[in-house]
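*Asks:* In case you want the letters, here they are:
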Amino acid sequence: MDVAHNIAPKAGDAVLLVGTTKGAFLLSANAARRRWEVSGPHFPGHIVYALAYDGRAGRRRIWLSSFNWAYGTTLRASDDFGQTWTNPESHPIKFPEDTGQALKQIWQIAVGRAEEPEKMYCGVEPAALFESNDAGQSWSLVRGLFDHPHRPHWNPGNGGLCLHTVLPDPSNPKRIHIAISAAGVYRTDDGGKSWKVRNKGIRADFQPVKYPEFGQCVHKVVRHPSRPDRLFLQNHGGLYRSDDGGDSWKDIGKGVPSDFGFPIVMHPHDPDTAYVVPLEQEMRCGPEGKLRVYRTRNAGRSWEPLTRGLPQKNAYETVLRDGMANDTLDPAGIYFGTRSGKLFGSANDGNSWRLILEGLPPITCVKACVKAPVKAAVVSGTSSPRRTSARKPSRKTKPRQPARRKRARA
Amino acid sequence: MALVFHIPSPLRVFAEGKAEVILEVPAATMGEALAALWTRHPGLRDRIVTEQGEVRQYVNIFVGDGNIRDLAGLATPVLDGCEIMIVPSVAGGKN
Chain A
1 MDVAHNIAPK
11 AGDAVLLVGT
21 TKGAFLLSAN
31 AARRRWEVSG
41 PHFPGHIVYA
51 LAYDGRAGRR
61 RIWLSSFNWA
71 YGTTLRASDD
81 FGQTWTNPES
91 HPIKFPEDTG
101 QALKQIWQIA
111 VGRAEEPEKM
121 YCGVEPAALF
131 ESNDAGQSWS
141 LVRGLFDHPH
151 RPHWNPGNGG
161 LCLHTVLPDP
171 SNPKRIHIAI
181 SAAGVYRTDD
191 GGKSWKVRNK
201 GIRADFQPVK
211 YPEFGQCVHK
221 VVRHPSRPDR
231 LFLQNHGGLY
241 RSDDGGDSWK
251 DIGKGVPSDF
261 GFPIVMHPHD
271 PDTAYVVPLE
281 QEMRCGPEGK
291 LRVYRTRNAG
301 RSWEPLTRGL
311 PQKNAYETVL
321 RDGMANDTLD
331 PAGIYFGTRS
341 GKLFGSANDG
351 NSWRLILEGL
361 PPITCVKACV
371 KAPVKAAVVS
381 GTSSPRRTSA
391 RKPSRKTKPR
401 QPARRKRARA
Chain B
1 MALVFHIPSP
11 LRVFAEGKAE
21 VILEVPAATM
31 GEALAALWTR
41 HPGLRDRIVT
51 EQGEVRQYVN
61 IFVGDGNIRD
71 LAGLATPVLD
81 GCEIMIVPSV
91 AGGKN
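Chains as they are written, first to last, in the numbering used here: chain A, 1 to 410; chain B, 1 to 95.
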């Protein structure tokens with residue numbers, strides 16, 4: 001793989017943030033999404049589990065968690081698409097001394113609602129939620145969740161006891177959903193002071209009680225911005241939909257070759273459309289050695305395999321829980337990265353796919369966004385004092401197949 | 001008393017680029033010596049110890065030839081002129 005230099009996306013361009021076990025890569029393309037510019041690796045040798053883009057209040061900021069096996073996990077930001085990064089003296093996310101806990105990983109970086117442009121969240125391991133009210137300059141532990149009486153009884157999955165999903169409700173500033181492996185879904189309706197478990201109807205095959213109050217190994221949850229009470233959930237065995245903000249969950253796993261998997265994403269403009277990558281549970285690769293994305297366009301009543309452009313032979317690929325994302329263009333871009341270091345993308349709602357990049361380290365995280373147009377707005381949350389230059393050599397990738405002109409959705 | 005700290009290269013950005021930091025401070029134990037190091041170079045602290053003050057799992061601190069894990073940990077005595085070496089341990093092969 002050729003190494004890349006800085007990307008310089010224009011307003012309206014698609015941007016991909018790709019985390020791997022050995023650093024991060026940033027990609028950008030115009031709305032056609034045929035040719036991608038790539039930069040990286042950023043922080044070579046560091047494990048990057050979490051990335052996020054904050055385009056609120058005039059910002060063009062990328063957030064990144066980098067884990068160094070010796071020196072721990074820190075949180076960095078870039079306001080110039082990776083040319084420079086903050087390198088804070090003090091790790092921004094730290095457990096208070098009285099908790100007796102020490103940060104292992106940052107699993108999720110989430111920006112808050114558009115109406116609260118200073119609000120941010122981080123989900124971490126050991127399972128806990130941190131919040132920032134100053135656009136990431138300072139962080140504090142959300143005590144309401146940390147002090148939850150269930151917490152001493154939460155058990156780690158194979159990835160560790162991680163809080164991996166944070167979903168602020170765009171219609172309700174007091175409501176946030178989070179998900180923990182292996183505890184399940186919790187929701188606050190009072191801005192984080194108290195949290196209620198929301199696992200009704202979610203199976204836990206690995207427990208003597210199949211529908212416990214908590215202890216489910218929820219792998220990922222997504223929410224549709226236009227219909228905030230609709231959630232889709234990929235479980236450790238089981239696919240679910242909620243239409244009541246998580247108060248109840250309906251099994252929608254019929255029609256996929258396996259209801260085991262890690263990621264799930266939604267179509268940005270259609271709350272009935274979602275995408276999963278079913279995996280065979282023991283091997284944790286696509287069944288029959290086929291790499292298939294499954295799409296529902298009727299909220300889970302039926303699923304269709306999407307295979308055009310994806311390898312259908314000897315493709316023993318795994319996609320991790322944060323390894324899939326959608327952009328917000330129309331038609332939508334859907335992207336996923338594999339543990340074998342391949343990055344695939346579709347620029348037509350998933351109808352056809354192209355190999356964007358291969359030869360990367362194992363991919364842990366893919367996030368997609370569209371660079372916001374410039375607005376006259378005050379940028380707050382200035383970065384920490386130390387910045388490191390991270391200029392890289394560059395290349396442009398060539399498309400593996402010609403882009404399809406046909407619109408994705410009928 | 002004088003203490004000589006040897007800083008691993010990835011952390012020198014937090015020690016004004018120095019490979020060797022010499023401090024003239026009173027310190028009886030390794031914990032006190034490190035506290036003096038954090039005072040001079042605060043960016044080193046979070047990378048060498050956790051927020052609970054424990055030396056990170058894959059960071060080794062030697063006094064002379066002795067790893068403080070095999071001695072008395074942060075209570076290991078330090079003497080005037082002693083050399084304190086901070087090094088990442090050999091850990092790899094997983095990723």
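Everything labelled a hint here was simulated from the structure, so no lab data went into it. Heads up, the beta-carbon is just placed ideally off N, CA and C, and yes, glycines get one too. Hints should not be assumed to be uniformly reliable.
So the derived list for chain B, only partly shown, Cβ under 8 Å to chain A, looks like this [claimed, not checked]:
| no. | residue |
| --- | --- |
| 1 | Glu24 |
| 2 | Ala36 |
| 3 | Trp38 |
With a straight-line cut-off of 30 Å between C-alpha atoms, the simulated BS3-like cross-links for lysine-lysine are [said to hold, decoys possible]:
| no. | chain 1 | residue 1 | chain 2 | residue 2 |
| --- | --- | --- | --- | --- |
| 4 | B | Lys18 | A | Lys196 |
| 5 | A | Lys290 | A | Lys313 |
| 6 | A | Lys290 | A | Lys22 |
| 7 | B | Lys18 | A | Lys22 |
| 8 | A | Lys313 | A | Lys371 |
| 9 | A | Lys22 | A | Lys174 |
*Asks:* Would you settle whether the hint for B:Ala36 is holds or violated, based on the nearest Cβ-Cβ distance to chain A being less than 8 Å?
*Replies:* The hint is violated - B:Ala36 has no Cβ within 8 Å of chain A, the shortest such distance being about 17 Å.
*Asks:* Does the CB of B:Trp38 sit less than 8 Å away from some CB of chain A?
*Replies:* Nearest chain A Cβ about 10 Å off; hint violated.
*Asks:* Is B:Lys18 within 30 Å of A:Lys196, Cα to Cα?
*Replies:* violated, 51 Å
*Asks:* Taking only the CA atoms, is the gap from A:Lys22 to A:Lys174 under or equal to 30 Å?
*Replies:* Between A:Lys22 and A:Lys174 the Cα gap is close to 37 Å, so the pair fails against 30 Å, i.e. violated.
*Asks:* Going straight from one Cα to the other, do A:Lys290 and A:Lys22 come out at no more than 30 Å?
*Replies:* holds, 26 Å
*Asks:* Does A:Lys290 pair with A:Lys313 here, judged by a C-alpha cut-off of 30 Å?
*Replies:* Measuring from Cα to Cα gives roughly 6 Å; hence the hint holds.
*Asks:* Need the status of pair B:Lys18, A:Lys22: alpha-carbon distance at most 30 Å?
*Replies:* It holds: about 26 Å lies between the C-alpha atoms, which stays within 30 Å.
*Asks:* Mind checking the CB of B:Glu24 against every CB in chain A and telling me if the closest is under 8 Å?
*Replies:* This hint is violated: B:Glu24 lies away from chain A, its Cβ roughly 23 Å from the closest one there, beyond 8 Å.
*Asks:* A:Lys313 and A:Lys371: Cα distance at most 30 Å?
*Replies:* Since the Cα atoms of A:Lys313 and A:Lys371 sit roughly 36 Å apart, the hinted pair is violated (cutoff 30 Å).
Going through the hint list in order, the structure does not satisfy hints 1, 2, 3, 4, 8, 9.
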